[in-house]
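Q: Here is what each chain is made of, one letter per residue.
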Amino acid sequence: MTVTEAPRDAAEAAVAPSLSAPPTGLAAVVGSGDPRTIGKLFVGTSLLFLIASGIAGALVGIEQLDSTGNEIFGADTAVRVFTLHSTAALFLGVLPLLLGLATAVVPLQVGASTVAFPRATAASYWVWLVSGGLVLASYGIDGGPWGTELDAVGLYLAGLIAVVIALTVATISVVTTVATLRAPGMSLRRTPLFSWSVLVGGSVWLLTLPVLAGMLLLAFVDLRYGDGQLMGGSAGVYDRISWWFWQPTLYVMAVPALGIIADVVPVFARRRHQRHSAAMFLIGATAALGFGAWAQLGVTLDGGGTAPWLGEGPWIVLGFLAIVPVLGLLGLWTSTLFAGKVRLGTPLVLSLFAGLLLVGGFAAGGATVVDALDLDGTTWMTGQATLVLLGSVLAGLAGVAFWAPKLYGKLLPDALTRLGGTIVFLGALVAAVPLAIAGTLSQGRFVAGGIGAVDAGDVDTVELLDLVSGIGLAVVVLGGVVVALALVKRRSGEGPGDDPWDGHTLEWTTSSPPAIGHFATLPEITSEAPVYDARHAAAAASTEASA
Amino acid sequence: MATTATTDLEIFSEAPPAPPARPRVLLVGTALAAGSASMVLLTLVALYARLRADVIASGEVWLPEGSNLQLTPGGMAMTTLLLSLLTAGWIVQALRNDDRGHALMAFGITLLLGAAYINIVVYGWQQLGLGITSSTQALLIYTITALHVALVGLGMLYLAVMGFRAVGGQLTGRSAEGVSAAVLYWFVTVGLFAAVWYAITITK
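Chain order of the listed sequences is A and B.
Each residue of the first sequence is one higher than the last, beginning at 0 in numbering that gives the first Met the number 0.
Each residue of the second sequence is one higher than the last, beginning at 0 in numbering that gives the first Met the number 0.
Treat the hints with care, since some could be wrong.
[Said to hold, decoys possible] Examples of chain B residues lying across from chain A (beta carbon under 7 Å, computed):
no.	residue
1	P22
2	V24
3	G28
4	L31
5	A32
6	M38
7	T132
8	T135
9	T142
Calculated from the structure, these hints are not laboratory results.
A quick note: this is a predicted structure, and the numbers were derived from the prediction, not measured.
Yeah, the Cβ is synthetic: ideal placement off N, Cα and C, and Gly gets one too.
With the rest of the complex left out, here is chain A (with noise of 0.2 Å):
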C-alpha cells in the first residue's frame, strides 16, 4: 500500500472477504477520500461561509448610512467586521469553492480514477473547516485585525496559516492529478479548459498562498514574541492579507472561473470551443499575470507600510494587460455561441452573467492606474474586488449546476437555480456599481479612512451609495439563499442519465454519480473534446448508413 494508492478495483474489493459492513452516514462522510465527496463538502461549506460573508458585508453597508451616527455597530468593530466579511469572502468562500468543484470535477475529466492524494485532499477539507471556524471564532473575542485581546488577534492569524496551508494542500492535489494522471494521449493541449486553468492557476495560487502564510507568520512571531512594532500589531494584521483584494493578484482567483464558463458555452452551442489552444494560452496569460505578491504593502521597521510600485510602469502596464486575455475569451466565446445552435440552459445563463461581472472587474482594473483619475485607495477598487469575486461565484455556481449530475447524481431545479444565480447577479451589479461611484468621490476604502476624504457636498451621495451597496450585497445573499435551497431540493425521482447536456469532455462518459475509480479501461484520447468527436462520428456512420 502507498501512500498515493488509487482505491481497490470494485472487481477486486467484490471478491475480497470483508471483515465489516462500509461505513454509511456521518462516519463514511468524515473517513472518505473521495475526491466527489470532499469535494462537495468543499462547495457546501463555502457556500455557507459565502451567505455569512455577505451578511456581514450588508451590515456594514447599512452601518455607513449616516457617518456621524453609528447604527449598528461601534466605528472599531465596524471596521474589524468589514475585515471578517472579506477575509471570509476570499479564504473560506471563493478559493474553496473553486477547490471543491475542481476537487470533484478534475479527474473525471482527465480520466483519472481519483486525484492524486485522496487522504491529504480530505485532510486537507478538516482542517479548512477547523481553522476557518477558529478564524470567525476569534472574531467572538475581540481577535482579527484591529481585535485588543492580543491572544485572540495570535489565535486569528494561527487560523488564517491554517487555512491557508489546507488550501495550499488541496491545490497540490489537484495540480498533480492534472499534471500526472492524464488519460493516455491527453496531452497538455488537448486538456478540458477547466482542468487547464486549474492548473495554471493553481500552480500560480502556489506560489502566492505562501507569500501570504510567510507574512501571516511573521506577524503572528513579532505579535507574541516581538513588541509588534514590526508588522504594525494587531492594527498591522489586514495591511498583510489586503494585497489579495487588489489587482493583480485578485485575477488568479478568476482563472478557474474562466475554465468553467469555456467549458459550459461550447456545449450549450453544441459545437467545438472555438480555437482551443488560443483559449488555452489566453487562460495562462490571466494567470500568468496574476502572480502578485511583488505588489503588496512593503514593510519597514517602524512599521510603516509602502507601495513603491504604486503608479510605477509594471503596475500600470499589467492594470492595462490583464484586460486583454479576457476580452480575447469573451471574444471566443461569442464566436463559439454565434457559430452554434444555443440552447439557453441554465449554467449557460450563469456562465454569462459571471463573463460579464468577471469582464467589468478587469475592465475597473484598468481604470485604477490611470494616475489622472485618482481612484487608487478608493472604493473603486472595493467595487471592481466585488465585481471579480462575485463574478468567481456565479461561475462556481455555473460549474455546480453543470456538472450537478456527476456531483449529486441529480439535475437542480432549473427554475430555482437560474432565478438564484439571476438575484445574485442583479444584487453583484447593486453592491459594486456604488461603490465604484462613491470611489469616484473620493471615498476612502473602508478600512483606509473611508468617508473621510469626501467632499462635504458629497457625503449625503455617499453615504446613500454605500447604502445602496449594503442592500446589493442582502440581495447577493438573497440569491445564494436561494441557490442553496435548489441544492437542497434537487431534482427528485429517475436521474438525469449520464449525459443530460450532451457534453464533450470525459466525465460524460461516466454514470450519474460515478463510481468510484470512474474509469476501467481508457481509450487512446485524440482531442480536446473526445466525446463530442466520438458523437459525431457516430451520427456521420448512422447518417452515411441510411444514405
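Following the hints, put chain B in place on chain A, whose structure we already have.
A: For chain B alone, kept in the frame of chain A given last:
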C-alpha cells in the same frame, strides 16, 4: 469497475484501450510542495534583505550591539548540508542498483547529517547573544532559521518514512519514486539554506 457509457458513445468505447501511463505522482506533488515551502521561506529572506538594505542605506549598522553572529557555525551548517547532498544522491543510486545495504547506510548518514545541522543551528542561537524579543533583527533571524529547521525536520521525517519502506522492500530498483521525491525535497531544503546562509551569516 463500473463505467457506464452512453449509447451514443459506443464507437468511442470500442476503441482499443491505451497502455497504462506511469505517472510520477509523488515526485510532482513533492516538487509542488517543495516549491510552496520555498516561497514561504524566501518571502522572509527577501523581507530580511530589504530591511537590512534600508537600514544600511540610512547609514546605520544592521546587527544590534552585543550580537555575536559567527561565521563558523553557519559555515559548518552549510558544509554539513552540502555533504548530505552527496549521501542523499547515494540513496537513489544505491536503490537503482538494488543495493539495499548501501541504500540503508546512506539513509542513516543523511539523517545523521540532518541532526548535526539542527545541532549546529541551535549552537548558533546560543552564541548569538540576542534574545528573540531583544530586537526586530533578532526576531527575523530566529524566525527564518527556525522555519528552516522545521523544513529540515520535515525532510528528515520524509526520508525516514521512505527509509523504512526501503527496509520493508517496497522501494527497489526503478520503482523507488518515493525516495527520489524525498531526496528532491531534501535538495530543495539545502538550496534554501544556501539563501539563508548568504543573507544572514555571510552578509551580516
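Q: Confirm or reject each hint.
A: Cross-check of the supplied hints:
1. P22: 4 Å, holds
2. V24: It holds, given that the least Cβ distance between V24 of chain B and chain A is near 5 Å, below 7 Å.
3. G28: Interface hint status for G28 of chain B: holds (4 Å vs cutoff 7 Å).
4. L31: 5 Å, holds
5. A32: 6 Å, holds
6. M38: 4 Å, holds
7. T132: 6 Å, holds
8. T135: Since chain A brings a Cβ to about 5 Å from T135 of chain B, closer than 7 Å, the hint holds.
9. T142: Because about 5 Å separates T142 of chain B from the closest Cβ in chain A, which is inside the 7 Å limit, the hint holds.
In this structure, every one of the numbered hints holds.
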